[in-house]
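Those protein sequences? They're chains E and B, same order as listed.
Using this note's numbering, count along the first sequence one by one with no gaps and you end on 511.
Using this note's numbering, count along the second sequence one by one with no gaps and you end on 511.
Derived from the structure by calculation, the hints contain no laboratory data.
If you're wondering where the values come from, they're calculated on a predicted model, not measured in any experiment.
Keep in mind that a hint or two might mislead.
To be verified - With a straight-line Cα cutoff of 20 Å, these simulated SDA-like cross-link-like pairs (lysine to any residue) come out:
| # | chain 1 | residue 1 | chain 2 | residue 2 |
| --- | --- | --- | --- | --- |
| 1 | E | Lys432 | E | Glu305 |
| 2 | E | Lys370 | E | Arg360 |
| 3 | E | Lys304 | B | Ile307 |
| 4 | B | Lys304 | E | Pro302 |
| 5 | E | Lys255 | B | Lys484 |
| 6 | B | Lys255 | E | Glu464 |
| 7 | B | Lys255 | E | Ile224 |
| 8 | B | Lys372 | B | Lys362 |
| 9 | E | Lys255 | B | Lys304 |
| 10 | B | Lys367 | B | His332 |
| 11 | B | Lys255 | E | Glu505 |
| 12 | E | Lys372 | E | Lys387 |
| 13 | E | Lys484 | B | Leu254 |
| 14 | B | Lys362 | B | Tyr392 |
| 15 | E | Lys312 | B | Phe455 |
Claimed, not checked - Across the chosen pairs, the derived CB separations fall in these ranges:
| # | chain 1 | residue 1 | chain 2 | residue 2 | range |
| --- | --- | --- | --- | --- | --- |
| 16 | B | Glu238 | E | Cys342 | 52 to 60 Å |
| 17 | B | Glu238 | E | Arg482 | 43 to 51 Å |
| 18 | E | Val380 | B | Lys255 | 52 to 60 Å |
| 19 | E | His332 | B | Lys293 | 24 to 32 Å |
| 20 | E | Pro395 | B | Lys484 | 55 to 63 Å |
| 21 | E | Pro294 | B | Gln453 | 25 to 33 Å |
| 22 | B | Lys304 | E | Glu323 | 23 to 31 Å |
| 23 | B | Lys304 | E | Ser410 | 51 to 59 Å |
| 24 | E | Lys304 | B | Ile452 | 31 to 39 Å |
| 25 | B | Glu491 | E | Cys342 | 31 to 39 Å |
For glycine and all other residues, C-beta sits at the position ideal for the given N, C-alpha and C.
Protein chains: 2
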Amino acid sequence: MKFEVTILGSSSATPIYNRNPTSQALNINEHIYLIDCGEGTQQQMLKFDVKASRIDHIFISHLHGDHYLGLVGLLSSLHLNGRTKPLKLFGPAPLKEIIELQFKHSDTHLQYQIELYATDATTHQVILDNQDICVETFPLDHRIPCTGFLFRQKKLLRKIIKEKVEPLNIPVSFYSQLKRGLNYVAPDGTIHQNGELTKDSSAPKSYAYCSDTIYNTSYFPFIKNADLLYHEATFLHNMLDRAIQTFHTTAWQAGEIATEVQAKQLLIGHFSARYKTLNDLLEEAQQVFPDTQLAIEGKTFEV
Amino acid sequence: MKFEVTILGSSSATPIYNRNPTSQALNINEHIYLIDCGEGTQQQMLKFDVKASRIDHIFISHLHGDHYLGLVGLLSSLHLNGRTKPLKLFGPAPLKEIIELQFKHSDTHLQYQIELYATDATTHQVILDNQDICVETFPLDHRIPCTGFLFRQKKLLRKIIKEKVEPLNIPVSFYSQLKRGLNYVAPDGTIHQNGELTKDSSAPKSYAYCSDTIYNTSYFPFIKNADLLYHEATFLHNMLDRAIQTFHTTAWQAGEIATEVQAKQLLIGHFSARYKTLNDLLEEAQQVFPDTQLAIEGKTFEV
Chain E
209 MKFEVTILGS SSATPIYNRN PTSQALNINE HIYLIDCGEG TQQQMLKFDV
259 KASRIDHIFI SHLHGDHYLG LVGLLSSLHL NGRTKPLKLF GPAPLKEIIE
309 LQFKHSDTHL QYQIELYATD ATTHQVILDN QDICVETFPL DHRIPCTGFL
359 FRQKKLLRKI IKEKVEPLNI PVSFYSQLKR GLNYVAPDGT IHQNGELTKD
409 SSAPKSYAYC SDTIYNTSYF PFIKNADLLY HEATFLHNML DRAIQTFHTT
459 AWQAGEIATE VQAKQLLIGH FSARYKTLND LLEEAQQVFP DTQLAIEGKT
509 FEV
Chain B
209 MKFEVTILGS SSATPIYNRN PTSQALNINE HIYLIDCGEG TQQQMLKFDV
259 KASRIDHIFI SHLHGDHYLG LVGLLSSLHL NGRTKPLKLF GPAPLKEIIE
309 LQFKHSDTHL QYQIELYATD ATTHQVILDN QDICVETFPL DHRIPCTGFL
359 FRQKKLLRKI IKEKVEPLNI PVSFYSQLKR GLNYVAPDGT IHQNGELTKD
409 SSAPKSYAYC SDTIYNTSYF PFIKNADLLY HEATFLHNML DRAIQTFHTT
459 AWQAGEIATE VQAKQLLIGH FSARYKTLND LLEEAQQVFP DTQLAIEGKT
509 FEV
């Protein structure tokens, strides 16, 4: 099952040429789960061939413009391009008023329904649970209410052992039940134990998204053992004072957090526009947590 | 005096790769007058080296997203980049509520003042009159209230005729008065007529901006004899039905309008995303009005 994230934007607050404000397209089994939607996200999707029609879920972490100002334009384009299927939107409650006000004045009447699930930035919540994924929010510590998101893959189906199954002439129509763990009863009544016919798939994986936040251990339990941890790293550690003042994290701290929560891999982003190149940020985080990569626009990372 | 327009975005409604929604930077004497501000305008300004700090006036024609969704991000970036001088914003009255709602939820408190001048899309208005330019609005005919803008250069200062002035040893400090039309009285009492010392500058020019609108002769008087007429041309004329249905103009009609109002040059834009290339639109308009050009992102046109 596909579980990968494509970076659409990695910059913080003010834009910089060639870096867009925050947005990520999480591809789970060919469904796109859009995380944050900074200005220009639609253009980035066109650029990197992320199909807007495949988005059924959008997650907004908080209401700073660099995380959501592309939302109304995207919702409008989906409408203009003929969307009729509902869309689930998870984010701060005021999104409803912000969207409705703008659609009122543009006289836009969507042909599809937006189902807004208001997140609560004061507590841990399970906000989505479908066949592929379970999504949880947890409180981050920023200047305004802000949630992190944890995307936890569902337990995967078992894998069929071909060389065991084929000689028994098991009907292909029964394969899906084998994958779900059922035994096979042959026409002659013989019971074949599932454990002999199938094997475990790889363990379910998890993607943790933490942006924006100051370093605060309170959210560490929610991202423990993440296979891929995206964490903001707005500043170099020599600007720790500024990071604290603005409720952001340094690259060094992001490395410390990944170490502390025993993440398998770390992805850093939300870079301040002051950094024209990003190598210093990468090297700083890697000094603490070697398996770190930069969230660069257009790059895709497997969870 | 510089009087030129740089195209920042030329697409309508839904975005298309390599074309941005509508925005134009009018450079009048090194001051930027921003006309419309579709999503991504900030990035386009970075790309084409239009300095945001030089913007003191923003004009929004109407509240369809492709004409203003980049505004809140731009206003926010000006603040984050330290702007303190006031900014004049001309556009529909609900802009106030739209901006304030979003700044409330992002807890943004601007360090500079936005002076909002609400436009009235039902009538002709003079909305700005400074030393360089007079700006008028006029009603367009669109699905929601929408104004066109006419930028009319002020009468230019007279030009000094050096070979007449220098032999008279006129103090340089008096040159500005000569340019404004005053006679020169020499120390011996001799009166030198201004008409002998200076000559007329070129005639003041005008830039008319018409987007979005259906073909409707009612606004023609306001754009009469424009030196440069920007007119939307969303569709080819074989889609006239669609143009009428959506209150837009065809390229053929844009050519007809330029002819009718005796514009000197025509610039067409606001192209539907269905047109991957724009040559057909250009050729269609040129069949009616030969001096037509395409509003292409990054191109600058002298008024």
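Verification of the hints:
no.: 1; hint: E:Lys432 to E:Glu305; result: violated (35 Å)
no.: 2; hint: E:Lys370 to E:Arg360; result: violated (29 Å)
no.: 3; hint: E:Lys304 to B:Ile307; result: holds (15 Å)
no.: 4; hint: B:Lys304 to E:Pro302; result: holds (17 Å)
no.: 5; hint: E:Lys255 to B:Lys484; result: holds (15 Å)
no.: 6; hint: B:Lys255 to E:Glu464; result: violated (36 Å)
no.: 7; hint: B:Lys255 to E:Ile224; result: holds (9 Å)
no.: 8; hint: B:Lys372 to B:Lys362; result: violated (26 Å)
no.: 9; hint: E:Lys255 to B:Lys304; result: violated (33 Å)
no.: 10; hint: B:Lys367 to B:His332; result: violated (33 Å)
no.: 11; hint: B:Lys255 to E:Glu505; result: holds (17 Å)
no.: 12; hint: E:Lys372 to E:Lys387; result: holds (14 Å)
no.: 13; hint: E:Lys484 to B:Leu254; result: holds (13 Å)
no.: 14; hint: B:Lys362 to B:Tyr392; result: violated (24 Å)
no.: 15; hint: E:Lys312 to B:Phe455; result: holds (18 Å)
no.: 16; hint: B:Glu238 to E:Cys342: 52 to 60 Å; result: holds (57 Å)
no.: 17; hint: B:Glu238 to E:Arg482: 43 to 51 Å; result: violated (27 Å)
no.: 18; hint: E:Val380 to B:Lys255: 52 to 60 Å; result: holds (54 Å)
no.: 19; hint: E:His332 to B:Lys293: 24 to 32 Å; result: violated (45 Å)
no.: 20; hint: E:Pro395 to B:Lys484: 55 to 63 Å; result: holds (59 Å)
no.: 21; hint: E:Pro294 to B:Gln453: 25 to 33 Å; result: holds (27 Å)
no.: 22; hint: B:Lys304 to E:Glu323: 23 to 31 Å; result: holds (30 Å)
no.: 23; hint: B:Lys304 to E:Ser410: 51 to 59 Å; result: holds (54 Å)
no.: 24; hint: E:Lys304 to B:Ile452: 31 to 39 Å; result: holds (34 Å)
no.: 25; hint: B:Glu491 to E:Cys342: 31 to 39 Å; result: violated (56 Å)
This entry does not satisfy hints 1, 2, 6, 8, 9, 10, 14, 17, 19 and 25, going by the numbered hints stated previously.
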